[in-house]
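A.B. asks: The chain contents come next:
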Amino acid sequence: MACSFPEEVLEYVFSFLTSQKDRNAVSLVCKSWYEMERWCRKRIFVGNCYAVSPRIMIRRFPEVKSVELKGKPHFADFNLVPDGWGGYVYPWIVEIAKGYPWLEEIRLKRMVVTDESLELIAKSFKNFKVLVLSSCEGFSTDGLAAIAANCRNLRVLDLRECEVEDLSGHWLSHFPDTFTSLESLNIACLGSEVSFSALERLVARSPNLKTLRLNRTVPLEKLSKILQRAPQLVDFGTGAYSADVRSDVYSGLVDAFSGCKNLKSLSGFWDVTPAYLPVIYSVCSQLTSLNLSYATTQSPDLTKIVSQCHSLQRLVVLDYIEDTGLNTISMSCKDLRELVVFPSDPFVADAIVPLTEQGLVSVSYGCPKLQSVLYFCRQMSNSALISISKNRPNLTCFRLCIIEPRAPDYQTLEPLDIGFGSIVENCKQLTRLSMSGLLTDRVFEYIGTHAKKLDMLSIAFAGDSDLGLHHVLSGCDSLRKLEIRDCPFSDKALLANASKLERMRSLWMSSCYVSFGACKLLGQRMPGLNVEVIDERENINSIPDYVPVEKVYIYRTVSGQRFDMPDFVSIMGKDRDGVYNLS
Amino acid sequence: MASETSCFTTEPPTAPAAAAGGLNFNDTELTLRLPGESRKSGAKRRFSGVTDLKLGENDRSDTECSGVTESPSSKEQVVGWPPVRSHRKNMTKRDCKYVKVAVDGAPYLRKVDLEFYSGYQQLLCAFEDLFSCFTIINVTGDVLNERKLMDPVNGMEYVPTYEDKDGDWMLVGDVPWKMFVESCKRIRLMKNSEAINGSGINHRQLYLFT
Numbered sequence: 001m002a003c004s005f006p007e008e009v010l011e012y013v014f015s016f017l018t019s020q021k022d023r024n025a026v027s028l029v030c031k032s033w034y035e036m037e038r039w040c041r042k043r044i045f046v047g048n049c050y051a052v053s054p055r056i057m058i059r060r061f062p063e064v065k066s067v068e069l070k071g072k073p074h075f076a077d078f079n080l081v082p083d084g085w086g087g088y089v090y091p092w093i094v095e096i097a098k099g100y101p102w103l104e105e106i107r108l109k110r111m112v113v114t115d116e117s118l119e120l121i122a123k124s125f126k127n128f129k130v131l132v133l134s135s136c137e138g139f140s141t142d143g144l145a146a147i148a149a150n151c152r153n154l155r156v157l158d159l160r161e162c163e164v165e166d167l168s169g170h171w172l173s174h175f176p177d178t179f180t181s182l183e184s185l186n187i188a189c190l191g192s193e194v195s196f197s198a199l200e201r202l203v204a205r206s207p208n209l210k211t212l213r214l215n216r217t218v219p220l221e222k223l224s225k226i227l228q229r230a231p232q233l234v235d236f237g238t239g240a241y242s243a244d245v246r247s248d249v250y251s252g253l254v255d256a257f258s259g260c261k262n263l264k265s266l267s268g269f270w271d272v273t274p275a276y277l278p279v280i281y282s283v284c285s286q287l288t289s290l291n292l293s294y295a296t297t298q299s300p301d302l303t304k305i306v307s308q309c310h311s312l313q314r315l316v317v318l319d320y321i322e323d324t325g326l327n328t329i330s331m332s333c334k335d336l337r338e339l340v341v342f343p344s345d346p347f348v349a350d351a352i353v354p355l356t357e358q359g360l361v362s363v364s365y366g367c368p369k370l371q372s373v374l375y376f377c378r379q380m381s382n383s384a385l386i387s388i389s390k391n392r393p394n395l396t397c398f399r400l401c402i403i404e405p406r407a408p409d410y411q412t413l414e415p416l417d418i419g420f421g422s423i424v425e426n427c428k429q430l431t432r433l434s435m436s437g438l439l440t441d442r443v444f445e446y447i448g449t450h451a452k453k454l455d456m457l458s459i460a461f462a463g464d465s466d467l468g469l470h471h472v473l474s475g476c477d478s479l480r481k482l483e484i485r486d487c488p489f490s491d492k493a494l495l496a497n498a499s500k501l502e503r504m505r506s507l508w509m510s511s512c513y514v515s516f517g518a519c520k521l522l523g524q525r526m527p528g529l530n531v532e533v534i535d536e537r538e539n540i541n542s543i544p545d546y547v548p549v550e551k552v553y554i555y556r557t558v559s560g561q562r563f564d565m566p567d568f569v570s571i572m573g574k575d576r577d578g579v580y581n582l583s
Numbered sequence: 001m002a003s004e005t006s007c008f009t010t011e012p013p014t015a016p017a018a019a020a021g022g023l024n025f026n027d028t029e030l031t032l033r034l035p036g037e038s039r040k041s042g043a044k045r046r047f048s049g050v051t052d053l054k055l056g057e058n059d060r061s062d063t064e065c066s067g068v069t070e071s072p073s074s075k076e077q078v079v080g081w082p083p084v085r086s087h088r089k090n091m092t093k094r095d096c097k098y099v100k101v102a103v104d105g106a107p108y109l110r111k112v113d114l115e116f117y118s119g120y121q122q123l124l125c126a127f128e129d130l131f132s133c134f135t136i137i138n139v140t141g142d143v144l145n146e147r148k149l150m151d152p153v154n155g156m157e158y159v160p161t162y163e164d165k166d167g168d169w170m171l172v173g174d175v176p177w178k179m180f181v182e183s184c185k186r187i188r189l190m191k192n193s194e195a196i197n198g199s200g201i202n203h204r205q206l207y208l209f210t
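Residue numbers (full-length UniProt numbering), protein chains in the order written: chain R, 1 to 583; chain B, 1 to 210.
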């Protein structure tokens, strides 16, 4: 049967498909669509760098301009993944350098990026434009110097919360004088001082600069100079926000900020001197994003700012905002979509913090567009959770961390099962959920029954038995990422739902009761999964099968087992050649 | 204040604490029993951590004090909890450092939080606000930034002085700000005449009004 549309027409139609999901769906329709789609795909997203090999990717998609990779599992952010586990980008860069010489964009998250990798990137891609490194580690400022010196068409250099070995700030001076294409520079995570004059000159010759996030070492007194050079900025991150109070500095900042007519996003604000906060008042009403999570200043100062941010869509703040500040937000920030509240003293058990569940309830009541919440607090109740769920059925992301593990409803002393149950029942579009507090198997029954759109679930110190895990694995149809720590889940639920694991990206379980034997069995039975046991005890090969593993990370893969593992990682059920070990 | 028998005891405090009229010495005495168990009323939340997980057991009954208890710092023993990333871990507010401020001749004292200010100038401005009769005079001369306050109504000058950790009365402004914050125990705005004649602080006579 002849194809009904000429190829050119189909290709043109496909060019409007930008989402990976849509493109994946299109490629499954028939062989000719598969072929056509693969030749015109420009962006690739690989959610787990061990799920596929770079060669497979390059073979299938020859014309890619943008690659995004993720490495370590999410719990690596909280030191649960030992150093040396993996996630090395270098082998990918080697292959991509050969396969995509015209590559323009690389985005990496939680990967180990060496200076060697950065040097290879700098050398290999003549039209390289965008480098975004999120939560990466393993490189130094020498690697950044290589990028600065060689990437003539660089537009974006975005280092988000990376661990960088800071040899000096001199790397910034490696951008040549002829380099004028910079649009976005984020160096907030770097510790060492860059030459201010080099920075100023770079900003001055970058007419397209829209995003500039400075690091802590750029002094407040010099900020107005930078802003005067770049009044077109849309996204600005200050350096350390403290200085002796001087009227000339103050008025310089007021003028500089009021000159930034396009400014929509502010961040930085380390070590705030409160007297300098009013300089931003003139831009508050135009801000859509504000990150004050490093501003260790009191509620009145914070509240005064947010009360003027009528266009605010995203707010990140410390619990210094207090319930009163959140109440103000609920009345002033009617466009709020995302709220993040971090704890100021996370490791003090009995800290008295005037931020409670009430703050979140008021924001859920007053902000009709609120979709995404990450909230750290010290007490919660079922009634508050029920109110939140009824106020905001449009929530898509709800992450609640009650500081004390297994904390019950502080009013009734009951588990928080019905509270979270209400969240999943009322918030039908919920795609991401993190839970905390005292939770029994009951909450998992609610989740399995109602959370049909849930994509990612994080569980800690919860549940009573395997039934809990079984509810989740058998009920959550859309679940792709599940991470569990310190829960009494063991072999039964895992083995009973083995086929589900192939329909998920990954499952992480640490400090649970999954045994070595179960991991071996799972690895043997499921060829499409890597069952990685991460265990730092000695002689793990001689540990009996019934003993629980420290950590297990299970993910689907088409590239077989990996060979870059440290000695504390074993892939179970497969021998060294990737053949099943039936012994 | 604390019982002078000893701060160290191997028995739980009994009669002496009760006899002291409800003053709870438990907080200060070292005992084999960990401090803080009777500090708060109501059921205490305990997290028993990884080692205490028992399959099938109901954690809800775990409200009595268990043998394995924690001091507030023990949260750090649970790896990765609460789930904050390492660069956020050191976010604690600076400590408040409230010190008394006395003005010679004033009927009552005030208190200021030294951590709130970033330098001497700000502190003097705060005094201007607190004791609204004052204005600041900047004294120039051999000693840079020697500062005083003046009451324009009666022409009296007041010299800011402070008592340091060693109990000595010092002139405000000699040491770097942070050192001052750390060592200052209380502040006294001393009448200039007393400053010259009384406590022997050497004082320049040369000054200019700003």
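Among the hints, a few may not be true.
Label pairs and their computed distance ranges (CB to CB) [unchecked claim]:
(1) B:V175 x R:Q298: 48 to 54 Å
(2) R:F196 x B:V153: 43 to 49 Å
(3) R:V558 x B:K178: 54 to 60 Å
(4) B:K178 x R:A97: 46 to 52 Å
(5) B:V153 x R:A198: 21 to 27 Å
Rough simulated footprint, nothing fancy, chain B against chain R, three-plus residues with beta-carbon under 8 Å [unchecked claim]:
(6) 223-229
(7) 241-255
No lab work stands behind these hints: they were computed from the structure. Since this is a predicted model, take the numbers as computed values, not measurements. Don't be surprised by glycine CBs; every beta carbon is placed ideally from N, CA and C.
A.B. asks: Compare the structure with each hint and give your call.
C.D. replies: Checked hints:
1. B:V175 x R:Q298: 48 to 54 Å: violated, 27 Å
2. R:F196 x B:V153: 43 to 49 Å: For B:V153 against R:F196, whose Cβ atoms are near 48 Å apart, the range 43 to 49 Å holds.
3. R:V558 x B:K178: 54 to 60 Å: holds, 59 Å
4. B:K178 x R:A97: 46 to 52 Å: Cβ of B:K178 to Cβ of R:A97: about 51 Å, so the range 46 to 52 Å holds.
5. B:V153 x R:A198: 21 to 27 Å: violated, 55 Å
6. 223-229: The restraint on the stretch 223-229 of chain R is violated, since only 0 of its residues have a Cβ under 8 Å from chain B and three are required.
7. 241-255: Coverage by chain B holds for the stretch 241-255 of chain R (4 residues, Cβ < 8 Å).
Violated hints, in rising order: 1, 5, 6; the structure is consistent with all others.
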